[in-house]
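Number of protein chains: 2
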Amino acid sequence: MLIPVILCGGAGTRLWPASREGFPKPFVRLPDGDTLIAKTIRRARSVAPGAPIIFVSGTGHGFLIRNALTAMGDTGAAQYLLEPVGRNTAPAIAAAALWAQQTHGDDTRLLVLAADHLIDDAAGFAASVRMADAAAEAGSLVTFGIVPTHPETGYGYLQQGEETAPQVFKVARFVEKPPLADAERYVAQGTYAWNSGMFCFRVAELLAAMRAFAPQVLASTIATLATSPPKANEITLDKESFGQSPSISIDYAVMEHAMNVAMVRAAFDWSDVGAWPALAATVAPDAHGNRTSYPKAGHQFVDCENVFIDSPRMVAAIGLKDAIIVDTGDAILVTDGKRAQDVKQVTEALKKSNPEMTKLHLTVHRPWGTYTILEDGADCKVKRIVVYPGASLSLQLHHKRSEHWVVVDGIATITNGDNVLTMKAGEATFIPVGAKHRLQNKTDKPVAIIETQVGTYFGEDDIVRLEDVYGRA
Amino acid sequence: MLIPVILCGGAGTRLWPASREGFPKPFVRLPDGDTLIAKTIRRARSVAPGAPIIFVSGTGHGFLIRNALTAMGDTGAAQYLLEPVGRNTAPAIAAAALWAQQTHGDDTRLLVLAADHLIDDAAGFAASVRMADAAAEAGSLVTFGIVPTHPETGYGYLQQGEETAPQVFKVARFVEKPPLADAERYVAQGTYAWNSGMFCFRVAELLAAMRAFAPQVLASTIATLATSPPKANEITLDKESFGQSPSISIDYAVMEHAMNVAMVRAAFDWSDVGAWPALAATVAPDAHGNRTSYPKAGHQFVDCENVFIDSPRMVAAIGLKDAIIVDTGDAILVTDGKRAQDVKQVTEALKKSNPEMTKLHLTVHRPWGTYTILEDGADCKVKRIVVYPGASLSLQLHHKRSEHWVVVDGIATITNGDNVLTMKAGEATFIPVGAKHRLQNKTDKPVAIIETQVGTYFGEDDIVRLEDVYGRA
Chain G
1 MLIPVILCGG AGTRLWPASR EGFPKPFVRL PDGDTLIAKT IRRARSVAPG
51 APIIFVSGTG HGFLIRNALT AMGDTGAAQY LLEPVGRNTA PAIAAAALWA
101 QQTHGDDTRL LVLAADHLID DAAGFAASVR MADAAAEAGS LVTFGIVPTH
151 PETGYGYLQQ GEETAPQVFK VARFVEKPPL ADAERYVAQG TYAWNSGMFC
201 FRVAELLAAM RAFAPQVLAS TIATLATSPP KANEITLDKE SFGQSPSISI
251 DYAVMEHAMN VAMVRAAFDW SDVGAWPALA ATVAPDAHGN RTSYPKAGHQ
301 FVDCENVFID SPRMVAAIGL KDAIIVDTGD AILVTDGKRA QDVKQVTEAL
351 KKSNPEMTKL HLTVHRPWGT YTILEDGADC KVKRIVVYPG ASLSLQLHHK
401 RSEHWVVVDG IATITNGDNV LTMKAGEATF IPVGAKHRLQ NKTDKPVAII
451 ETQVGTYFGE DDIVRLEDVY GRA
Chain A
1 MLIPVILCGG AGTRLWPASR EGFPKPFVRL PDGDTLIAKT IRRARSVAPG
51 APIIFVSGTG HGFLIRNALT AMGDTGAAQY LLEPVGRNTA PAIAAAALWA
101 QQTHGDDTRL LVLAADHLID DAAGFAASVR MADAAAEAGS LVTFGIVPTH
151 PETGYGYLQQ GEETAPQVFK VARFVEKPPL ADAERYVAQG TYAWNSGMFC
201 FRVAELLAAM RAFAPQVLAS TIATLATSPP KANEITLDKE SFGQSPSISI
251 DYAVMEHAMN VAMVRAAFDW SDVGAWPALA ATVAPDAHGN RTSYPKAGHQ
301 FVDCENVFID SPRMVAAIGL KDAIIVDTGD AILVTDGKRA QDVKQVTEAL
351 KKSNPEMTKL HLTVHRPWGT YTILEDGADC KVKRIVVYPG ASLSLQLHHK
401 RSEHWVVVDG IATITNGDNV LTMKAGEATF IPVGAKHRLQ NKTDKPVAII
451 ETQVGTYFGE DDIVRLEDVY GRA
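Residue numbers (our numbering), protein chains in the order written: chain G, 1 to 473; chain A, 1 to 473.
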């Protein structure tokens with residue numbers, strides 16, 4: 001059995017302001033309206049139909065994955081391994097391998113994918129995965145090497161050794177991010193490939209290699225799984241034992257040391273969407289190289305060249321060249337396209353001056369749905385709240401604000417004090433200060449309300465949770 | 001008596017997206033938080049204390065002036081001449097002169113100012129006005145010539161003739177917007193000045209000159225005033241007769257022909273804020289020439305040079321040079337500073353593709369206050385409505401929507417069906433489809449409500465006005 005493992009790490013800084021800590025790159029809307037996580041899930045399902053997908057993510061991102069699956073209508077098997085603290089890829093993959101071994105046995109093969117890679121050629125991907133899977137079955141730890149299109153200095157490289165099967169090579173050498181001159185030579189020689197961070201191996205082989213080369217990682221991960229009780233299809237990894245593991249990549253920990261490492265020369269296109277220009281490149285340009293991710297927004301380009309606009313609002317650009325304009329409602333980025341890597345400087349500065357701006361969007365995603373801040377004034381706060389079918393907010397109360405709820409879509413079940421009301425669009429209720437209340441959706445369609453808070457304080461910390469299905473009470 | 005006349009024309013296109021047809025340049029927030037109209041009114045009051053100010057504006061802009069005066073706490077005398085159709089400056093000034101003649105006699109002098117000029121040097125301005133007023137009393141039609149700071153090709157020039165008093169010259173010649181080479185020569189020669197569009201003259205002299213050189217303008221304007229009944233301090237000019245006047249500037253109609261024209265060489269700085277760079281120039285730059293109009297927004301400049309950001313939101317700029325970024329919530333402009341005049345191309349295109357975007361902002365100004373669209377969805381529309389002290393919306397009803405009103409600031413007087421309620425912050429009322437309702441502010445402090453509309457259609461044309469203090473019923 002081949003089981004996909006999707007690694008959903010990421011700090012959410014490279015595509016700021018679209019990505020945030022609470023909403024990292026895999027979840028960001030792409031110009032085609034899709035997301036990297038959805039594309040990755042589809043890719044995984046297509047090469048491993050019927051198998052579960054193991055998702056490894058931070059504890060705060062698990063529900064984003066669940067919501068993505070729901071939005072896709074994906075009802076396939078899924079297993080969540082939630083990291084309370086990030087320890088890089090080696091412990092994450094070790095945890096997935098141990099879970100797969102315990103659940104499906106030593107012969108299980110894992111196909112490790114990143115949640116934020118973009119691959120358009122599904123057939124090429126499937127072909128490469130078949131080759132990798134065959135090599136893995138034969139005992140190799142397989143990595144996917146991407147044929148380089150330019151002398152990128154931001155990636156590691158794999159030097160090809162002997163070809164052991166069509167497009168399958170021994171790895172002669174792992175090369176860390178090289179200086180430009182070396183990268184240029186690698187591309188010219190044609191026997192180097194980018195190290196993609198995707199892998200395929202038998203569980204038994206990987207664990208054996210970890211025992212040999214990364215025993216501390218393995219020991220910590222074994223201890224972690226032993227002390228982390230599974231709950232339905234979710235395991236929140238025990239913070240203390242998982243935190244004991246060295247923070248180390250699977251390349252450093254295992255692949256660079258093992259003798260049985262193979263490389264499949266990828267038959268597909270690939271991008272890690274490492275910065276805004278990569279995302280822009282997914283859009284077909286006009287005759288002047290200008291691109292927009294919201295064609296209906298009516299963006300205006302006057303004498304522009306190679307300008308990308310990512311905004312649902314009206315944006316007019318005049319006389320610009322090689323510029324990228326991103327607007328998320330609460331923040332706007334305007335950067336020279338060649339300087340897009342320096343978005344990091346902005347997020348670093350914001351972490352000090354305005355940290356909220358690096359954490360969440362105006363629309364905040366929650367396990368039960370979303371809320372969008374429409375107005376954040378001194379005298380009131382107004383939100384649009386959307387509740388997913390079957391979902392429920394916590395039973396809660398506030399000390400410093402009353403709330404007015406107007407149902408604008410669907411049929412809501414509303415607890416207000418001792419009453420439970422069924423309310424439809426156009427109906428409203430008033431929740432006094434101190435009254436316990438809850439918003440539920442018992443239907444199979446979304447519910448939306450407009451909430452107007454009036455009072456003296458509107459912070460998220462004035463929520464006393466009395467009951468919560470997500471364990472936050 | 002010296003009476004200031006403030007001309008408040010303007011299409012609202014040069015400073016788009018901050019200026020709109022319904023909110024032209026004089027009303028746009030400047031980086032210092034002030035507006036050009038407020039600065040102009042202060043300037044006018046200071047040189048003509050105790051005199052009324054005559055405002056000539058489009059019918060749709062009169063209340064913006066009234067609101068500006070209220071916001072400034074200006075309770076001085078004001079007379080409004082509202083143009084149902086713009087006919088350029090000659091008919092506007094003729095109407096002001098006729099009103100002044102009828103009200104204050106032939107000896108009245110008018111000081112004609114534009115509402116959208118920026119002049120910092122109040123003392124220099126006052127000194128020049130004193131000289132102009134003396135020359136006007138002596139029978140001259142006086143124009144203000146600005147000492148040119150650069151060979152601007154966007155302005156007309158005045159060639160100085162004989163100096164008849166200190167800084168007062170005969171005008172040898174009016175020069176239309178010149179080619180660059182000519183403009184450079186004018187600046188070098190030192191005997192040319194920019195034609196500022198500000199004037200000073202006795203009413204009798206102006207009307208005599210109009211009788212001689214622009215009899216059609218004068219006749220139409222006389223007919224207009226005869227058929228336009230005054231209402232308190234406001235005259236809405238009769239559309240039919242006013243429309244008969246040629247559309248012509250005072251320069252073409254009178255000044256270029258009259259023999260008694262004089263020029264005061266201005267002792268003050270001057271800008272007509274004709275495009276974004278002029279507005280940016282009002283802000284002190286940082287060491288790299290970068291400027292922001294909202295210091296508290298925490299704008300980030302990374303390796304930028306000479307970049308101006310006008311946005312209350314967070315904007316990060318990376319690697320830009322000579323750029324201007326303007327954000328109004330519904331629209332964003334990013335332009336090369338040298339191309340800022342081409343904003344006109346954007347507004348021309350928008351008039352065809354998205355005309356609403358050239359007319360109003362998210363915050364719409366009304367005679368009674370403002371409303372701001374917080375959410376404009378398929379299922380609801382949410383507004384923040386602010387009602388000025390003593391003001392009242394019309395008594396109205398809607399056929400296709402119900403409304404929920406939550407008072408969030410002040411004390412509102414609300415008519416809902418047959419009930420009149422006094423409601424304070426935190427209180428709410430539901431207005432069913434078809435119910436007549438009205439929002440009033442009978443206090444001396446602003447009232448604010450959050451309105452949530454639910455229904456099938458949310459257009460402004462689903463308003464049946466039953467009574468309206470502004471004559472819109």
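Treat the hints with care, since some could be wrong.
Copies of the same chain are indistinguishable here, so a pair counts whether it falls within one copy or spans any two.
Said to hold, decoys possible - Taking lysine-lysine and the DSSO-like style, the derived pairs with C-alpha atoms no more than 30 Å apart in a straight line are:
#1 K170 / K445
#2 K39 / K231
#3 K296 / K400
#4 K400 / K445
#5 K296 / K351
No lab work stands behind these hints: they were computed from the structure.
Practice prompt. Could you tell me which of the hints above the structure violates, numbers in ascending order?
Written response: Checked against the structure, the only hint that fails is number 1, while the rest are satisfied.
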